[in-house]
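**Q** Each chain, written out:
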Amino acid sequence: MATRVAVIEYGVGNVGSVVNACARIGADVAIARDGDELRAQAPEAIILPGVGAFGAALELIRSRGFEAAVGEQVHDAGVPFLGICVGMQALADSCEEFGEHHGLGWIPGTVCRLVPPGSPVRLPHVGWNTVDASADDPVLGGLAGAHFYFVHSYAMRCDQQYVVGTTEYGGTFPSAVRIGHAWGIQFHAEKSSLAGERLLGQFLAFADACSSGG
Amino acid sequence: MVRSERFAVHQVIGNPVVHVERMVEWDVDELIVLDISEGEPTRFHHERADYREPGAGDLLGFVRKIAAECRIPLTLGGRIRTVDDIAVRIRTGADKVTINTAALESPRLVGEAASRFGSQAIVVGIDYRQGANGARVHADHGRIDTGRDVVSWAREAADRGAGEIFLNAVDRDGTAQGYDLESIARVADAVPVPVVACGGAGHMRHFLECFERTGASGVAAGNIFHFTENAYPRAKAFLRGKRDDVR
Numbered sequence: 000m001a002t003r004v005a006v007i008e009y010g011v012g013n014v015g016s017v018v019n020a021c022a023r024i025g026a027d028v029a030i031a032r033d034g035d036e037l038r039a040q041a042p043e044a045i046i047l048p049g050v051g052a053f054g055a056a057l058e059l060i061r062s063r064g065f066e067a068a069v070g071e072q073v074h075d076a077g078v079p080f081l082g083i084c085v086g087m088q089a090l091a092d093s094c095e096e097f098g099e100h101h102g103l104g105w106i107p108g109t110v111c112r113l114v115p116p117g118s119p120v121r122l123p124h125v126g127w128n129t130v131d132a133s134a135d136d137p138v139l140g141g142l143a144g145a146h147f148y149f150v151h152s153y154a155m156r157c158d159q160q161y162v163v164g165t166t167e168y169g170g171t172f173p174s175a176v177r178i179g180h181a182w183g184i185q186f187h188a189e190k191s192s193l194a195g196e197r198l199l200g201q202f203l204a205f206a207d208a209c210s211s212g213g
Numbered sequence: 000m001v002r003s004e005r006f007a008v009h010q011v012i013g014n015p016v017v018h019v020e021r022m023v024e025w026d027v028d029e030l031i032v033l034d035i036s037e038g039e040p041t042r043f044h045h046e047r048a049d050y051r052e053p054g055a056g057d058l059l060g061f062v063r064k065i066a067a068e069c070r071i072p073l074t075l076g077g078r079i080r081t082v083d084d085i086a087v088r089i090r091t092g093a094d095k096v097t098i099n100t101a102a103l104e105s106p107r108l109v110g111e112a113a114s115r116f117g118s119q120a121i122v123v124g125i126d127y128r129q130g131a132n133g134a135r136v137h138a139d140h141g142r143i144d145t146g147r148d149v150v151s152w153a154r155e156a157a158d159r160g161a162g163e164i165f166l167n168a169v170d171r172d173g174t175a176q177g178y179d180l181e182s183i184a185r186v187a188d189a190v191p192v193p194v195v196a197c198g199g200a201g202h203m204r205h206f207l208e209c210f211e212r213t214g215a216s217g218v219a220a221g222n223i224f225h226f227t228e229n230a231y232p233r234a235k236a237f238l239r240g241k242r243d244d245v246r
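Same order as they appear, the protein sequences are chains A and B. Heads up: the first sequence begins at 0 in numbering that gives the first Met the number 0, then just goes up one per residue. Heads up: the second sequence begins at 0 in numbering that gives the first Met the number 0, then just goes up one per residue.
What the hints contain is simulated information worked out from the structure, not anything from laboratory work. Since we're looking at a predicted model, the values are computed, not measured. Where is the CB? At the ideal position from N, CA and C, for every residue including glycine. Be aware that one or more of the hints could be misleading.
[Stated by the list, open to error] Derived contacts from chain A toward chain B, CB cut-off under 10 Å, selection only:
hint : residue
1    : Ala20
2    : Pro116
3    : Arg121
4    : Pro123
5    : Val125
6    : Trp127
7    : Asn128
8    : His187
9    : Glu189
10   : Glu196
Hey, can you work out the whole structure from these sequences and the hints?
**A** Printed below as a string of structure tokens:
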């Protein structure tokens with residue numbers, strides 16, 4: 000039985016790539032355009048993609064009723080969650096860019112520029128890079144040293160206890176975080192070829208085990 | 000699909016859908032697809048061999064088809080004039096777009112596009128030719144000398160919000176004589192964003208030279224990968240042997 004995944008569409012970026020990647024690995028994937036649709040779908044797994052600015056993303060997430068709906072599904076109903084790029088950054092408390100923007104606050108931390116303005120290190124960090132991943136993490140396991148595609152200028156800073164993967168670019172930054180059954184990845188698994196498909200497959204397998212295990 | 004030489008000779012070399020499939024099999028780092036057609040936007044030249052592919056007879060059909068199986072980043076360029084043109088392409092499956100002539104004609108398009116889609120989705124493509132007065136930016140398929148210096152326009156494009164510069168040496172296109180290292184180095188040193196170099200690759204050592212002697216973040220090539228057997232996998236293996244920052 001294919002895992003039922005809901006991909007959240009909130010007007011930022013292209014959900015098509017994530018939907019296509021999930022379909023390629025055999026998931027039963029649907030797009031949720033607002034909080035009510037998400038509730039109605041009652042998925043076994045939720046993916047929050049996104050590109051661009053933290054502030055704009057959070058505003059759209061909230062205006063479409065996703066903050067409450069996702070909160071209920073993930074925290075009350077135990078549905079596994081994967082945030083990608085800005086979808087990972089949204090889990091933090093705040094972002095230093097353009098003043099106070101409040102994140103979902105699932106993981107204590109702040110989103111900051113990778114390097115200060117004027118640094119010789121170019122931004123955005125765009126291209127392939129490796130992730131030093133936790134071997135025993137259900138989603139990141141077995142992927143240490145694999146290349147994933149990054150395109151971002153900001154990254155989350157948080158306590159080590161939430162970090163399940165790090166990457167080097169202008170210093171070390173968390174490229175994968177986890178709290179309970181919610182993961183955030185800074186890179187675009189949906190654009191990271193076979194390594195990305197494997198990661199998504201591992202996430203869906205975890206979700207599958209959750210829903211059949213009860 | 001066509002090969003080109005100095006943006007002048009265009010020889011049809013096959014079905015672009017098939018070539019994209021091969022690129023995905025080779026697991027290339029990124030794919031850039033440029034629509035260099037002219038005239039009526041939805042009508043392709045009858046000599047194109049891909050009209051037999053269902054759904055590939057129009058640009059968006061083609062993009063949709065390749066996007067479904069494209070598990071690596073896809074950049075789309077050519078004939079992009081407005082923010083809506085960009086929106087359509089991103090919605091259909093492009094991760095990034097590259098804008099060229101439209102940005103020269105209306106530079107504020109760069110900022111508007113970056114605001115709406117994020118800088119990471121907006122590449123400014125710059126075609127240039129060497130002349131008596133140095134490297135000069137050319138618009139409209141490399142035909143019109145804009146009088147602008149390539150470094151100055153690259154700086155402006157980056158300031159306005161371009162997330163990357165795609166720098167193309169028209170004089171070197173299809174010549175297999177190597178990249179224009181001097182101009183690439185000058186542009187890369189002048190901008191804070193990644194620069195991808197294109198034009199002139201004929202041997203895998205040209206890729207290595209570009210990385211060793213310029214600040215380019217990426218190298219792009221077309222002809223070499225379409226004409227030399229297994230060129231991409233061999234080039235990657237060669238570069239991995241020489242450097243530790245190659246996927």
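**Q** Do the numbers back the hint for Ala20 (chain A), that is, is its least Cβ distance to chain B under 10 Å?
**A** Constraint on Ala20 (chain A) satisfied, holds at 7 Å.
**Q** Per the CB criterion, is Pro123 (chain A) less than 10 Å away from chain B?
**A** 5 Å, holds
**Q** Does Glu189 (chain A) meet its interface restraint, that is, does its C-beta lie within less than 10 Å of any C-beta in chain B?
**A** Cβ of Glu189 (chain A) sits 8 Å from chain B, so the hint holds.
**Q** So, Asn128 (chain A) near chain B? Judge it on the closest CB pair being under 10 Å.
**A** Holds, because the Cβ-Cβ distance from Asn128 (chain A) to chain B comes to roughly 9 Å (cut-off 10 Å).
**Q** Once the shortest beta carbon distance from His187 (chain A) to chain B is found, is it less than 10 Å?
**A** Check passed: Cβ of His187 (chain A) comes within 8 Å of chain B, closer than 10 Å.
**Q** Return the status of the interface hint for Trp127 (chain A): holds when the least beta-carbon distance to chain B is below 10 Å, violated otherwise.
**A** 4 Å, holds
**Q** Does Glu196 (chain A) hold up as a contact with chain B if the rule is Cβ-Cβ below 10 Å?
**A** 7 Å, holds
**Q** Using Cβ atoms only, decide whether Pro116 (chain A) comes closer than 10 Å to chain B, and label the hint accordingly.
**A** 8 Å, holds
**Q** So, Arg121 (chain A) near chain B? Judge it on the closest CB pair being under 10 Å.
**A** Nearest chain B Cβ about 5 Å off; hint holds.
**Q** Does Val125 (chain A) hold up as a contact with chain B if the rule is Cβ-Cβ below 10 Å?
**A** 6 Å, holds
The structure fails none of the hints (numbered hints given earlier).
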